[in-house]
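Chains as they are written, first to last, in the numbering used here: chain A, 10 to 214; chain B, 74 to 228.
Any given hint could be a false lead.
What the hints assert, rightly or not - Partner residues aside, some chain A positions facing chain B, computed with beta carbon under 7 angstroms:
(1) P91
(2) T128
(3) L131
(4) D177
Treat the hints as calculated values from the structure; they're not laboratory data.
Ideal Cβ positions, reconstructed from N, Cα and C, are used throughout, including at glycine.
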Amino acid sequence: MDIKTLRIVRYAASGLIAVFAFAFLAVGLGWLQSGRPPADVLPTGGPVVGAFELVDQGNRPVSERDMRGRPAVVFFGFTYCPDVCPTTLAMLTANLGFMGQQADRLGIFFVTVDPERDTPELLAKYLSPFDPRIRGLTGAPNQIAALAKSLGVYFGRSEIEGGGYTMDHTASVILLDAQGRFSATIAYGENSDTALAKLRLLAGG
Amino acid sequence: MNVLLRAAVFSLCSAVVTLSASGCSSREGGLRIIDPWTRATPLGASVGAGYMTIANGGAKPVRLISADSVVAERVEIHAMSMEGGVMRMRPLSDGLDVPAGGEVELKPSGMHLMMIGMKRPLIEGETVAIVLVFDGGVRLEAKLSVEGIGGTHGH
């Protein structure tokens, strides 16, 4: 390497170090946190499921108590969702099928982020091709927001030009242990065998 | 997908594509729809997503401006993105450009044809038609094969 190349390498290295140092400081001081944590950086420690009152697709009440006492699998979505929601529900259904009775130890929840459109009746229809152990939750928007916030899940409404709206939402499946604490997540598109291993681990032996 | 497989899919699919303007199955140097597919929809689902590759063998870029299907009240061209684990979906209101001599791929987690207001559920194993309308008035009918609800089309 000649002197010029060496100098370029040295400048590039100093630049990289500066960038990393800034990023480290920024994350440490919370500068880069913009109100919502990314789905793969979830808080750990104590119970996280906050108080909420919703209903399932059979109009039965569901509260935070139903997400404690046994491990829970929680996924946020909506029926007006052509890709992530049906494929994630299908992935869960296939894996719950592989698990058989082992999956009875889990509480499995599909929480709508679009209660305006997703009534219990619509959720009942929508969920009918999937594993019957999946409970579809809907109800008051503030209750859904409280549950999402406690789990670090983001969702937001986005108006469509010319009418209508769609919902942006965290696409990961959240796994909670029997004390309502974070255990793991299953990312959208994650290998199905890995997802099954995580679900089995969550359900326990 | 390797080249051979792609070529095989290409020739298979050209057979089911009709160019309604001329009535022939494909046109040298023209537009082609490759490997169109969708998923079965749950009973209460109001939406579905159609995927395919649109190839433009012509010397000029073309723009997909709208689409239409008898199974849905309307069909929109949408883009989906995933940022920090958050799924976002937006309509492409200006349409979708297919470059001259190039192609665009509509696929899960990317762009799709969003069927809105499903008039009936889509059933695994059937085929459903979506008519694509390009600028200049060219219309192409894509026949989408319907996979299972969790279908990934081998991806």
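- Verify the interface restraint on A:L131: the C-beta must sit less than 7 angstroms from at least one C-beta of chain B. 5 angstroms, holds
- Using 7 angstroms as the Cβ threshold, decide whether A:P91 counts as touching chain B. 4 angstroms, holds
- Query: Was the hint right that A:T128 lines chain B, CB cutoff 7 angstroms?
  - Reply: 9 angstroms, violated
- A:D177 as chain B interface residue, shortest Cβ-Cβ below 7 angstroms: Hint on A:D177: holds, closest Cβ of chain B at ~4 angstroms, below 7 angstroms.
The structure fails to meet hint 2 from the earlier list, while all remaining hints are met.
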